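Asks: Here is how the chains run, residue by residue.
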Amino acid sequence: EDQVTQSPEALRLQEGESSSLNCSYTVSGLRGLFWYRQDPGKGPEFLFTLYSAGEEKEKERLKATLTKKESFLHITAPKPEDSATYLCAVQGSSSGSARQLTFGSGTQLTVLP
Amino acid sequence: EAQVTQNPRYLITVTGKKLTVTCSQNMNHEYMSWYRQDPGLGLRQIYYSMNVEVTDKGDVPEGYKVSRKEKRNFPLILESPSPNQTSLYFCASKSGAGELFFGEGSRLTVL
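Respectively, the protein sequence lines represent chains A and B.
The letter at position 8 of the first sequence is residue 14 when you use this note's numbering, and the numbering goes up by one with no holes.
The letter at position 76 of the second sequence is residue 83 when you use this note's numbering, and the numbering goes up by one with no holes.
Chain A with its partners taken away, still in its complex shape:
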């Protein structure tokens, strides 16, 4: 069974204070690891897909990296508008998980001005 654990559950940063969010996973044959952003009262919004260890992707102040056991979402010089819940999800290659994503519980990020 695929599992995803995100840490910390909540993170408060001052504006400009860089940090990282962690996503640890176990999956039989990783087909993809996904990061989403969710604002209060909204549906999750896609950020990145990572497919293999060593891969990195960037978007504005966000950078996602992937190893064989975990992924990090690095936030550089965050701004208050980066405040949101960040969700990690994996898709494995077994017959069941190939059809669905397994989500973590998310990290709630608050960036204070």
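Bear in mind the hints are in silico, worked out from the structure with no lab data behind them.
Don't take each hint at face value.
Across the chosen pairs, the derived CB separations fall in these ranges [to be verified]:
| no. | chain 1 | residue 1 | chain 2 | residue 2 | range |
| --- | --- | --- | --- | --- | --- |
| 1 | A | S89 | B | P15 | 50 to 58 angstroms |
| 2 | A | E61 | B | P90 | 38 to 46 angstroms |
| 3 | A | G60 | B | T20 | 48 to 56 angstroms |
Quick list of in silico lysine to any residue cross-link-like pairs, SDA-like style, CA-CA up to 20 angstroms [claimed, not checked]:
| no. | chain 1 | residue 1 | chain 2 | residue 2 |
| --- | --- | --- | --- | --- |
| 4 | A | K85 | A | E23 |
| 5 | A | K65 | B | T93 |
| 6 | A | K48 | B | T93 |
| 7 | A | K48 | B | T116 |
Some, not all, of what chain A presents toward chain B, calculated at C-beta under 7 angstroms [to be verified]:
| no. | residue |
| --- | --- |
| 8 | G38 |
| 9 | P50 |
| 10 | F52 |
| 11 | Q106 |
| 12 | F109 |
| 13 | G110 |
Being a predicted model, the structure only gives us computed values, none of them experimental.
Backbone N, C-alpha and C fix where the C-beta goes; we use that ideal spot for every residue, glycine too.
Position chain B relative to chain A; hints supplied.
Replies: Only chain B this time, still in chain A's reference frame:
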């Protein structure tokens, strides 16, 4: 504009009163799915559909039904809602690249 549309956005109902949450997507995606989101439990998949007339159970299907008669629509049916189905529900469709596009969510309260 590419979007997934859910209705209603908010609903308060009573135990046992059948209800349907509609979901429609305009991106011609074959894959659609329903999730529920509860504090501390994250997003859990209820049902998914790989294409028209093809549906399958997710992780928490008990108490729910779905149908996929048309490619764009994937309604979620609660035949006899119970209080433990009080939750925030999301419909999603998936692109060929594997990206999920979510609706705005439907907050359901069952009294």
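Asks: Which numbered hints does this structure break?
Replies: Structure breaks hints 1 and 5.
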